[in-house]
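As given, the protein sequences belong to chains C and B, one line each in that order.
Under this note's numbering, read the first sequence as residues 9 to 398, first letter to last.
Under this note's numbering, read the second sequence as residues 2 to 294, first letter to last.
By construction, these hints were calculated from the structure, which means they are not laboratory data.
Just so we're clear, the structure is a prediction, and the values are computed from it rather than from any experiment.
Accuracy of the hints is not assured; some may be wrong.
[Said to hold, decoys possible] So the derived label-pair ranges between C-beta atoms look like this:
no. : chain 1 : residue 1 : chain 2 : residue 2 : range
1   : B       : Asn121    : C       : Ile324    : 40 to 46 Å
2   : B       : Pro220    : C       : Leu389    : 55 to 61 Å
3   : B       : Glu94     : C       : Leu293    : 33 to 39 Å
4   : B       : Lys63     : C       : Leu178    : 46 to 52 Å
5   : C       : Leu178    : B       : Lys166    : 37 to 43 Å
6   : C       : Val188    : B       : Lys63     : 54 to 60 Å
7   : C       : Leu271    : B       : Asn121    : 51 to 57 Å
8   : B       : Asn121    : C       : Arg391    : 51 to 57 Å
9   : C       : Leu122    : B       : Gln31     : 45 to 51 Å
10  : C       : Ile35     : B       : Asp265    : 55 to 61 Å
11  : B       : Ala69     : C       : Ala61     : 47 to 53 Å
12  : C       : Gly221    : B       : Asn121    : 39 to 45 Å
13  : B       : Asn87     : C       : Phe395    : 49 to 55 Å
[Unchecked claim] To give an idea of the interface, some chain C residues facing chain B are shown, with a C-beta separation under 7 Å as derived from the structure:
no. : residue
14  : Pro52
15  : Pro126
16  : Ala361
Think of the CB as a built atom: it goes at the ideal place given N, C-alpha and C, for glycine as much as any other residue.
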Amino acid sequence: MTEHSRDRSGIWQVVPVASRFTIEHLILLPIGALIALVWANTEPESYYQFTYAISFVVNDVAMVFFFALITKEVVESTAPGGVLHPWRRTMLPVIAAVGATAVPALLHIELVGLLDEPMLGVAWPVALATDLGLCYLVARIVFRRHHPLVPFLLLLGVASDAIGFFSVALASPDTDVRLVGGAGILAVAIAIAAALRRYKVKSFWPYLIFAGGLSWYAFYWSRLHPTLALVPIVPFLPHAARDPGFFVDAPEGAKDTLSRFELWWRYPAQIALFFFGLVNAGVSLRALEPGTWGLPIAVLFGKPIGLLIGAGVAVIIGFHLPHRVGWRELLVGGLVAAVGFSVGLFFCTALLAAGQMRSEVSMGVLLSLAGVPLALVAAKLLRVGRFARS
Amino acid sequence: MTLARGRNRALTLLISAVASAAILAQAPQQLPNRSGSVKFAAIGDNGTGDKPEYEIADQMVKAHAIFAFDFVIMLGDNMYGGQRPNDFVQKFEKPYAALLSAGVKFQASLGNHDQPSNVNYPPYNMGGQRYYTYTRGSARFLALDTTNMDQKQLAWVETTLRDAKEDWKICYFHHPLYSNADRHGASVDIRVRLEPLFTKYGVNVVFSGHDHVYERIKPQNGIYYFVSGAAGQLRKGNMSPNPAETAASFDQDQSFMLVEIAGDEMYFQSISRTGKIVDSGVIPRQKRAEMTP
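Construct the complete structure from the given sequences, taking the supplied hints into account.
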């Protein structure tokens, strides 16, 4: 082997390690967002022309697979060993999620009014978003892997995002939604997925092409966001008997349909996420006005406070907080859940057309990333998670 | 570094002030004030309820006495701060009371500081719509909502412009497609969507606000652009005139515009809070061939 070929093999060994690291730590989305910010503020004409040209393919087609993989994590977590199994465990975080979504949404509406940009009030569903991947990653860093607050926060995030998706559909301005016809087409798509499962079809491709394709058309025709096309289809893909854990990759040899789907699509979905950041995070800094601060302030204050209120109500009703979870842990957890990032940017694109409103709210979503360092500082100050006194 | 930046800033302010003085020194273009012509005023970013808004309104009343414009186009941010019933009185009905009682019609577009529900405020004449169209004489006007430029609105703009048979096509909205003010500048994200439609369907003139200055842009792809966002607010010294784009600018005081369309010519004046004509001119109606889609 020559020196040159040894170097090349060294590089090729690094590639899978680097790509795995990039994917596991969800780095492609922030990279895309960072490039977008620089590009939009240096060469805006070419940035907007390029991103408008590809926005439909990225936002309405490619991102389908990212949300399908998120759905896959949720579906698997209903299996034995998963955080959603049994369902009774979910009740407390679901009740808490009502508080953790209502308070930041109301705060957002109030704040943008006070900041003299009442038009931004229509973006209140963005305040509901929680980036599940980032939430999990940060929660693991702050609380360590096996702390009971980690699954609690994931459930809270799933419930908050679910409320958010419904709110986006309800709050979308100027959309003549065709729900009845769309629901009919979607019912056919779901029936196809159910039939494929009944006949024990193991390949994910028929689910994707026939049921997924029709579902995409149903969403598109209804004028709802087709990005969610695979969300009602993924639950019909046969999955493993036990959940390997949230955001735990399926082993290469996995045979079940859902795991094969994940193995095939995890890299393309990350590439989609990169382009999603590139297309949607390009905000002209000169477009920003004081109203931009409405969203980050609403979520960074509203999520922890809302979570405390929601959890308090759940406890009063008779539910019990998990072991080792008190108000200090919930406060820090609220800051972790305040980070909307990918889901927040998605809500922005679903709710708002290009223009100043979307620019300001998207920047607000990016500013809510401050929840990550704030959670670490709060954890240290309150001595919780990895900073707890042993 | 900071010193150099400070020097550049001082130089920009000096150029801006000299440019404003040069404009003031020129003999202003008089409005022909012909009977049967289309006469209107333009105000942007006016709704502060503060003294300068009232002073601009007084100048509009004085102008109306000799140049009886029929309507006023509002370029957005018609209301700042609170937008309760009393605010509508203090920030709109009182300053423009004389014009309203003289039967002058206000035709609003909304900006980022306006309540979305203001589309239903009767004196704004928006008919409950974020974007709408109307004709006056030989001119077709389109009032747009650039705070949320969705596909539905873009499709409507295309259809309306395509079907318009009037000689003049005039669009107005809040965010400027071209601007050389430091605070905001051009809204390029909106420009890449709207400008191809404007050139394709022969829009003649575009009015915007948002930047709290006055700027007249040299024709871009055959279209004349005005920024007039200082009828209440003002960002003094905020202009950084760009020789490639700026035809004239004024950032030393509040201002509003008077416009007259007479046949194939559009006359305009920009008037300051103290009543000085800070820019004026005449625009010949462009022929389609002059536009470069």
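Now the hints, each set against the structure:
Against the hinted window of 40 to 46 Å, the Cβ-Cβ separation of asparagine 121(B) and isoleucine 324(C) comes to about 42 Å, which satisfies the hint. Look at proline 220(B) against leucine 389(C): about 60 Å separates their beta carbons, and that is inside 55 to 61 Å. Under the hint 33 to 39 Å, the C-beta atoms of glutamate 94(B) and leucine 293(C), about 37 Å apart, fit the expected range. Taking the beta carbon of each, lysine 63(B) and leucine 178(C) are about 50 Å apart, inside 46 to 52 Å as hinted.
For the pair leucine 178(C) and lysine 166(B), the beta carbons lie near 40 Å from each other, so the given range of 37 to 43 Å is met. A beta carbon spacing of about 59 Å between valine 188(C) and lysine 63(B) agrees with the range 54 to 60 Å that was offered as a hint. In this structure the hint that leucine 271(C) and asparagine 121(B) lie 51 to 57 Å apart at CB holds, the actual value being about 54 Å. Restraint check, asparagine 121(B) to arginine 391(C): a C-beta distance of roughly 54 Å satisfies the suggested window 51 to 57 Å.
Between leucine 122(C) and glutamine 31(B) the beta carbon distance is about 46 Å. The supplied range of 45 to 51 Å therefore holds. For the hinted restraint 55 to 61 Å between isoleucine 35(C) and aspartate 265(B), the CB-CB distance of approximately 59 Å keeps it satisfied. At roughly 48 Å, the beta-carbon separation of alanine 69(B) and alanine 61(C) lies within the given 47 to 53 Å, and the hint holds. Checking the proposed 39 to 45 Å range against glycine 221(C) and asparagine 121(B) shows it holds: the Cβ atoms sit about 42 Å from each other.
Our hint of 49 to 55 Å for asparagine 87(B) and phenylalanine 395(C) holds, since their Cβ atoms are close to 52 Å apart. Annotation: proline 52(C) was flagged as interfacial toward chain B, and the flag holds, the nearest CB pair being 4 Å apart, inside 7 Å. A cut of 7 Å between beta carbons decides the hint on proline 126(C): the least distance to chain B is about 5 Å, and the hint holds. Nearest Cβ of chain B to the Cβ of alanine 361(C): about 4 Å, under the 7 Å cut. The hint holds.
Figure legend: structure checked against the earlier numbered hints; every hint is met.
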